[in-house]
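J.: Those sequence lines, one after another, are chains A and B.
If you want our numbering, it's the position in the first sequence, counting the first as 1, plus 1.
To convert, note that position 117 of the second sequence is 104 in our numbering; the numbers rise steadily by one, no gaps.
If a hint is listed, it holds; no wrong ones were tucked in.
Pairwise CB distance ranges, derived in the manner of DEER restraints: (1) A:Val20 x B:Tyr285: 58 to 64 Å; (2) A:Pro13 x B:Asp2: 47 to 53 Å; (3) B:Ser25 x A:Trp226: 29 to 35 Å.
Cross-link-like lysine-lysine pairs, in silico, DSSO-like; alpha carbons within 27 Å at most: (4) B:Lys116 x B:Lys81; (5) B:Lys46 x A:Lys141; (6) A:Lys304 x B:Lys116.
Worth flagging that the hints you see were computed from the coordinates, not collected in a lab.
Please read these numbers as outputs of a predicted model, since none were measured by experiment.
Cβ coordinates follow ideal geometry from the N, Cα and C atoms, glycine included.
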Amino acid sequence: MSLTTAHSVVAPSATSKLVAGTIIVAYALISIVPLLWIFATSFKTPPDSIAYPPKIVFQPSLEGYCNLFSTRTRQTPEYINSLGPATGLCDETVRKRNMVIAGPSNFMPRFVNSLIIAFGSTFCAVFLGTLSAYGFSRFKVPLADDLLFFILSTRMMPPIAVAIPIYLMYRELGLSDTALGMILLYTAVNVSLAVWLLKGFIDEIPREYEEAAMIDGYTRLQAFWRTVLPQATTGIAATAIFCLIFAWNEYAFAALLTSGTAQTAPPFIPTIIGEGGQDWPAVAAGTTIFLVPILVFTILLRKQLLRGITFGAVRK
Amino acid sequence: MAEIRVEHLRKAFGDFVAVQDSNFVVEDGEFFVMLGPSGCGKTTTLRMIAGLELPTGGKILLGGEDVTMRRARERDIAFVFQLFALYPHMNVRKNIGFPLLAQGMPGAEIRQRVEETAKLLRIDHLLNKSVSGLAGGDRQRVALGRAIVRRPKCFLMDEPLGTLDTEFRDLMVHELRELHNRIHATTVYVTHDQMEAMSMADKIAVMNHGVIEQFGSPREIYDRPATMFVADFIGSPPMNFLGFGGGLSKGAREIVVQGAKVAVPEVREDIAPADMALGIRPEHIRFDDASKLRGAVYGTEYLGTTQIVAVETADGIIKARVPAEIRLNAGDHVGLALSSARLSLFEKGSGRAVRTAIHDEASQARAQHG
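Next comes chain A alone, as it looks inside the complex:
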């Protein structure tokens, strides 16, 4: 009889620990350097950002952030001098470049669009995913395997392959450049991932919990709500992060289908470059702010994320 154990029975040797550690540290460095570079650039002045050789040590400035959130017009020094004292840090910074703030930029609305579309589609995908995963897990669904494969197969094709049909469909349906259209699209892409991930998690929850609740006087929906859902939170959280990361980072469809009111941050940020020279600090500032929500979300749910990644690899 062979014993199957999930964990390695032999403790890893010092050498293998060293090798593994080196690889992990090297990989972490390679991954983190671009992020650090962007973070540093966001605090540089435009001249510092294009200085050669690149400046590692520099005088930090909020100019990038000021430029990100505002639109500016160039004025003569006389006009600027004729104005009253600067009303804030940004005003002061901008005036040094012979410019005045004309108004807010589009970054905030685009960022809010990203939040609405990413969280909205994540909610829809996880909601639909949880219900259908529960159905597939607990009921005899006719052709369940084929249906599950069909759901999975929607994920096999690169979504951009259907960009043109979707573009045409959306134009006909009036969904182009609407938050609803983007939420529907990202939900459709994410729901397959959600169903498959959540089915795995729900399969792991013994049916006895719902059966006990149903015998004790609850309906199936109540039993699901009170016994299955609380135990599936780990899986739901992990699934939500994966869905959110996809929807948050998605660029191609956003660039294709949104241009104005519903434009998300990813297609917007590159457009900052064009406004008044190559404003790398503003682009870097936009990217840095763009990273914050996903960073916060991931740190808050890191345990569930780890569980989601290692799901199936470790037996309880």
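Model the placement of chain B on the given structure of chain A, informed by the hints.
T.: Using the frame of chain A, we list chain B on its own:
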């Protein structure tokens, strides 16, 4: 509390018949055990009584009401699962109170009922603990608490002691029976463990391949097995079988096994010539050099007060339970004397027991009790 009546119950999963034509009545307040090997249909029967599976055919009546097609929550029963199914996200108090919450009972009353129940099960000190930190026996008590708190019509238990350590299991067998004696709840208990069944049950149904092989008191099942399967399944070691040929006629009192004449309880029916088997429990065999039924000692198993001696006969190994003092060596030739009054006779083909005088005693005893 209520009586459970099962009529012609049948369940098929596709081509596989899990339960076929089950009929039994669990009387009000009775502790009924369904016993059988895994896959025999006992759990499926239990789940049909609970309403977790719908039968393919037949009827289930609870307290005279036909509940065959009712939902689980409309049946007013409680179920204790093998894995207890305690909700990990609730503490002990909330777990026990969960069924009452479904009825919309006011909080103060739930509190009182939960505390009464916890006291009954001696777990009142654990009420505010998380269920995940509990020991096996305490988890079992919480699961029982959740079942009895609602005072349902009957309790259904699916191998509730299956996952416990031996130590806890013996304790819980005792506690369960004691609890039953106090609250007299109609109970259906499923197990594959004959010791649990024998020590707790008022009535046992032995099941195999979806069929109830025998329904009766532990004593009836042990002393007068209705089929060779029951004889073989119950007892440790199980009943020995010695083959013999020829028919039997009404009134016969003797058969010939391996050339030796063996007295048997008076046969009450005529049996056409066929392959037959004589069944004898290990403890009903003595060593007697005068006996013509002979064999050689194959091995012994010392158990303290008794020993199990395996004897190789012309018809295979026979196990006898004899006092531990008897000294025997492998290869010793011994004669086997069988306690005639305790023999069973079976038709090998069908496995059915032949009616003999031991069955009249049973009906007499039943008549006296009735």
